[in-house]
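There are 2 protein chains.
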Amino acid sequence: MEIKNDLILRAARGENIERYPVWLMRQAGRILPEYRAVRNSLSGFKELVETPKLAAEVTIQPVDILDVDAAIIFSDILVIPEAMGLTYEMVEKKGPYFPKTIKSLDDFASHAQTDFDVNDRLGYVMEAIQITKKELSGRVPLIGFAGAPWTIFCYMIEGQGSKTFSKARKVLYTNPKLAHDLLQRITDVTVRYLKAQIKAGADMVQVFDSWAGILGHEQYLTFGLEYIKQITSAITEVPVTVFSKGAYAAIEDIAQIPCNTIGLDWNMNIGQARDIVKETRTLQGNLDPCALYASHKEVEALTKNMLETFESKRHIVNLGHGVYPDIDPEKVKTFIKTVKSYEL
Amino acid sequence: MEIKNDLILRAARGENIERYPVWLMRQAGRILPEYRAVRNSLSGFKELVETPKLAAEVTIQPVDILDVDAAIIFSDILVIPEAMGLTYEMVEKKGPYFPKTIKSLDDFASHAQTDFDVNDRLGYVMEAIQITKKELSGRVPLIGFAGAPWTIFCYMIEGQGSKTFSKARKVLYTNPKLAHDLLQRITDVTVRYLKAQIKAGADMVQVFDSWAGILGHEQYLTFGLEYIKQITSAITEVPVTVFSKGAYAAIEDIAQIPCNTIGLDWNMNIGQARDIVKETRTLQGNLDPCALYASHKEVEALTKNMLETFESKRHIVNLGHGVYPDIDPEKVKTFIKTVKSYEL
Numbered sequence: 059m060e061i062k063n064d065l066i067l068r069a070a071r072g073e074n075i076e077r078y079p080v081w082l083m084r085q086a087g088r089i090l091p092e093y094r095a096v097r098n099s100l101s102g103f104k105e106l107v108e109t110p111k112l113a114a115e116v117t118i119q120p121v122d123i124l125d126v127d128a129a130i131i132f133s134d135i136l137v138i139p140e141a142m143g144l145t146y147e148m149v150e151k152k153g154p155y156f157p158k159t160i161k162s163l164d165d166f167a168s169h170a171q172t173d174f175d176v177n178d179r180l181g182y183v184m185e186a187i188q189i190t191k192k193e194l195s196g197r198v199p200l201i202g203f204a205g206a207p208w209t210i211f212c213y214m215i216e217g218q219g220s221k222t223f224s225k226a227r228k229v230l231y232t233n234p235k236l237a238h239d240l241l242q243r244i245t246d247v248t249v250r251y252l253k254a255q256i257k258a259g260a261d262m263v264q265v266f267d268s269w270a271g272i273l274g275h276e277q278y279l280t281f282g283l284e285y286i287k288q289i290t291s292a293i294t295e296v297p298v299t300v301f302s303k304g305a306y307a308a309i310e311d312i313a314q315i316p317c318n319t320i321g322l323d324w325n326m327n328i329g330q331a332r333d334i335v336k337e338t339r340t341l342q343g344n345l346d347p348c349a350l351y352a353s354h355k356e357v358e359a360l361t362k363n364m365l366e367t368f369e370s371k372r373h374i375v376n377l378g379h380g381v382y383p384d385i386d387p388e389k390v391k392t393f394i395k396t397v398k399s400y401e402l
Numbered sequence: 059m060e061i062k063n064d065l066i067l068r069a070a071r072g073e074n075i076e077r078y079p080v081w082l083m084r085q086a087g088r089i090l091p092e093y094r095a096v097r098n099s100l101s102g103f104k105e106l107v108e109t110p111k112l113a114a115e116v117t118i119q120p121v122d123i124l125d126v127d128a129a130i131i132f133s134d135i136l137v138i139p140e141a142m143g144l145t146y147e148m149v150e151k152k153g154p155y156f157p158k159t160i161k162s163l164d165d166f167a168s169h170a171q172t173d174f175d176v177n178d179r180l181g182y183v184m185e186a187i188q189i190t191k192k193e194l195s196g197r198v199p200l201i202g203f204a205g206a207p208w209t210i211f212c213y214m215i216e217g218q219g220s221k222t223f224s225k226a227r228k229v230l231y232t233n234p235k236l237a238h239d240l241l242q243r244i245t246d247v248t249v250r251y252l253k254a255q256i257k258a259g260a261d262m263v264q265v266f267d268s269w270a271g272i273l274g275h276e277q278y279l280t281f282g283l284e285y286i287k288q289i290t291s292a293i294t295e296v297p298v299t300v301f302s303k304g305a306y307a308a309i310e311d312i313a314q315i316p317c318n319t320i321g322l323d324w325n326m327n328i329g330q331a332r333d334i335v336k337e338t339r340t341l342q343g344n345l346d347p348c349a350l351y352a353s354h355k356e357v358e359a360l361t362k363n364m365l366e367t368f369e370s371k372r373h374i375v376n377l378g379h380g381v382y383p384d385i386d387p388e389k390v391k392t393f394i395k396t397v398k399s400y401e402l
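If you read the sequences in order, they're chains A and B.
The numbers in the working numbering rise by one with no breaks, and the one at position 21 of the first sequence is 79.
The numbers in the working numbering rise by one with no breaks, and the one at position 101 of the second sequence is 159.
Hints listed in this document are in silico derivations from the structure and should not be mistaken for laboratory results.
Check the hints yourself; a few may be wrong.
Pairs of lysine to any residue residues, derived as SDA-like cross-links and limited to a Cα-Cα distance of at most 25 Å, are as follows [stated by the list, open to error]:
1. B:Lys-362 <-> A:Thr-232
2. A:Lys-152 <-> B:Pro-154
3. B:Lys-228 <-> A:Ala-359
4. A:Lys-391 <-> A:Glu-147
5. B:Lys-235 <-> A:Ala-359
6. A:Lys-228 <-> B:Ala-359
7. A:Lys-152 <-> B:Pro-383
8. B:Lys-152 <-> A:Lys-391
9. B:Lys-228 <-> B:Asp-165
10. B:Lys-225 <-> A:Phe-223
11. A:Lys-152 <-> B:Tyr-382
12. A:Lys-389 <-> B:Pro-154
13. B:Lys-235 <-> B:Asp-246
14. A:Lys-228 <-> B:Lys-389
15. A:Lys-371 <-> B:Ala-359
16. A:Lys-391 <-> B:Asp-165
Covered by chain B, according to a simulated footprint, are these stretches of chain A (three or more residues, beta-carbon under 8 Å) [stated by the list, open to error]:
17. 230-240
18. 269-282
19. 302-309
20. 313-327
The beta carbon of each residue, even a glycine, is placed where N, CA and C say it ideally should be.
Construct all of the structure, not just a fragment, from the sequences and the given hints.
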């Protein structure tokens with residue numbers, strides 16, 4: 059099916075655009091009362107992730123309500139460790155929790171499985187993508203996604219969020235073989251998972267490396283980027299975005315691997331990043347999510363201020379991280395309208 | 059009193075050194091059984107901070123046991139908000155908690171006081187410094203410290219740690235006047251506090267901006283570095299170190315304010331930082347604290363590996379962040395010995 063508004067795909071490929079495309083991370087849900095109505099009718103977050111019809115519904119809400127230039131499938135990066143054999147719970151106000159974690163290579167047989175068909179264990183995601191694509195009927199592209207192997211590794215070792223992820227990082231020093239073996243397994247499954255998403259209808263994909271910033275530069279190249287590179291090299295069907303949050307030192311390395319777009323968080327300087335990547339990559343970001351707490355007038359000014367720092371057309375506008383749950387959706391609309399009315 | 063080992067002071071000033079000086083953040087306590095013996099004899103962390111004789115004792119322990127090239131006074135950055143009128147509690151395994159926080163300018167009279175003598179309210183710190191200096195009898199320099207205004211501001215607004223510090227950052231957008239007024243008050247008190255530490259005997263001082271990395275570049279200049287600059291401009295008596303954790307984009311700006319040394323966390327690339335600051339500043343850091351989980355042989359190799367990346371003598375060796383509490387002190391000794399035996 060032809061996509062009517064393919065602005066984001068063209069921006070990712072470095073083709074000509076009439077204006078900058080805009081979308082938000084975590085736009086599928088979180089801030090919309092319409093999302094909360096769906097969410098509250100269910101037992102929990104995971105039920106929503108695993109119910110394709112409802113996942114599709116909340117995926118499309120921001121397209122209808124906020125008028126963004128792309129939908130992103132409502133799901134979670136932790137479906138991958140779960141499919142590999144580590145069940146997670148989403149604890150209200152605390153985040154994910156894995157009752158079991160990987161402690162040794164012996165755990166691999168039961169908790170780091172790779173010998174399965176992603177369509178069997180994660181079929182609900184592909185089904186949600188198919189329903190979404192049908193209901194979007196080509197209005198805007200649909201973004202698929204997965205966590206980067208390093209970030210998934212962190213959860214599989216730590217079992218929950220952490221300030222330092224020092225348990226996960228300790229393994230890199232004390233048992234690099236286990237680390238590489240597990241990262242390779244996650245990578246293999248992730249490639250198959252993203253390819254299944256694309257086959258189901260995803261028009262572009264994003265790899266989220268939420269904990270990239272807690273690794274030193276050299277370690278990030280070895281244990282982080284190396285595996286992302288395997289993924290982005292394997293995905294040739296659609297444009298690929300890499301968002302390595304906080305990995306400032308690695309921007310020039312990310313620009314060396316196959317990918318179309320590099321995500322920037324809000325504490326990265328767009329001008330400095332542009333100097334590094336030149337015109338070889340599209341940059342995505344990076345308004346501070348807190349900027350949307352300001353008044354409408356200031357949201358407009360802050361957004362314009364950011365747009366004016368762009369020295370290239372190779373930009374996809376977004377916040378520098380996911381939208382915060384208590385942001386007024388009307389402020390989000392102001393942000394989006396400001397981007398859409400900005401003349402290139 | 060003359061200081062016998064003044065290596066760290068010379069390194070900070072960019073003078074000639076025979077070898078690189080080395081110390082650790084959080085070395086005063088945390089990893090040593092000798093520290094825990096003192097700590098466990100008391101009701102809590104704050105009692106130790108507020109008992110000069112014992113604070114001096116744990117300050118000197120790492121000099122005796124680990125053979126570091128500097129002592130750092132045992133204290134906490136949160137003594138400043140407490141002196142200003144916001145009492146904190148140190149909750150075991152959770153961190154600091156402030157029952158009251160700053161919500162409006164009306165709170166300033168009682169919770170953001172500046173009209174007091176730091177020697178009255180924080181005399182216990184100055185007394186601990188005097189005792190430490192006496193007991194060190196010039197073996198190594200003593201480092202004094204304070205939190206940077208932005209980091210103290212975060213705690214005064216949020217009341218506790220946070221992943222995003224979005225409440226504190228929200229104020230920058232919604233009430234910049236309150237933000238600037240509070241930051242100025244913290245700055246004024248901090249200058250007086252650091253000067254009192256120096257008068258009591260501190261031979262150099264460090265300003266810790268633990269939450270620098272959560273601000274966008276421009277905001278960090280306005281709400282972070284501007285106030286650090288006021289502090290470092292006022293401290294002319296001794297060498298000053300600025301450690302803005304995670305503020306990668308701002309390294310070149312930090313190199314423009316008066317200061318001798320710039321701290322780097324472990325995810326910053328030393329070579330990139332050196333390219334930016336050239337020979338104008340000493341760099342401090344930045345081995346990954348997790349590296350000390352590796353075997354003795356590897357700790358030695360990782361340390362040497364870092365030292366070999368130094369292209370200048372303007373370095374003070376340290377970890378990229380505080381030492382983790384469960385690190386074996388013998389590994390710390392290996393790290394320190396490796397630095398001390400490295401030939402320049």
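Hint-by-hint comparison with the structure:
| no. | hint | in the structure |
| --- | --- | --- |
| 1 | B:Lys-362 <-> A:Thr-232 | holds, 18 Å |
| 2 | A:Lys-152 <-> B:Pro-154 | holds, 18 Å |
| 3 | B:Lys-228 <-> A:Ala-359 | holds, 16 Å |
| 4 | A:Lys-391 <-> A:Glu-147 | violated, 33 Å |
| 5 | B:Lys-235 <-> A:Ala-359 | holds, 18 Å |
| 6 | A:Lys-228 <-> B:Ala-359 | holds, 16 Å |
| 7 | A:Lys-152 <-> B:Pro-383 | holds, 24 Å |
| 8 | B:Lys-152 <-> A:Lys-391 | violated, 38 Å |
| 9 | B:Lys-228 <-> B:Asp-165 | holds, 18 Å |
| 10 | B:Lys-225 <-> A:Phe-223 | holds, 24 Å |
| 11 | A:Lys-152 <-> B:Tyr-382 | holds, 23 Å |
| 12 | A:Lys-389 <-> B:Pro-154 | violated, 33 Å |
| 13 | B:Lys-235 <-> B:Asp-246 | holds, 16 Å |
| 14 | A:Lys-228 <-> B:Lys-389 | holds, 14 Å |
| 15 | A:Lys-371 <-> B:Ala-359 | violated, 46 Å |
| 16 | A:Lys-391 <-> B:Asp-165 | violated, 34 Å |
| 17 | 230-240 | holds (count 3) |
| 18 | 269-282 | holds (count 7) |
| 19 | 302-309 | holds (count 4) |
| 20 | 313-327 | holds (count 4) |
Of the numbered hints listed earlier, those contradicted by the structure are 4, 8, 12, 15 and 16.
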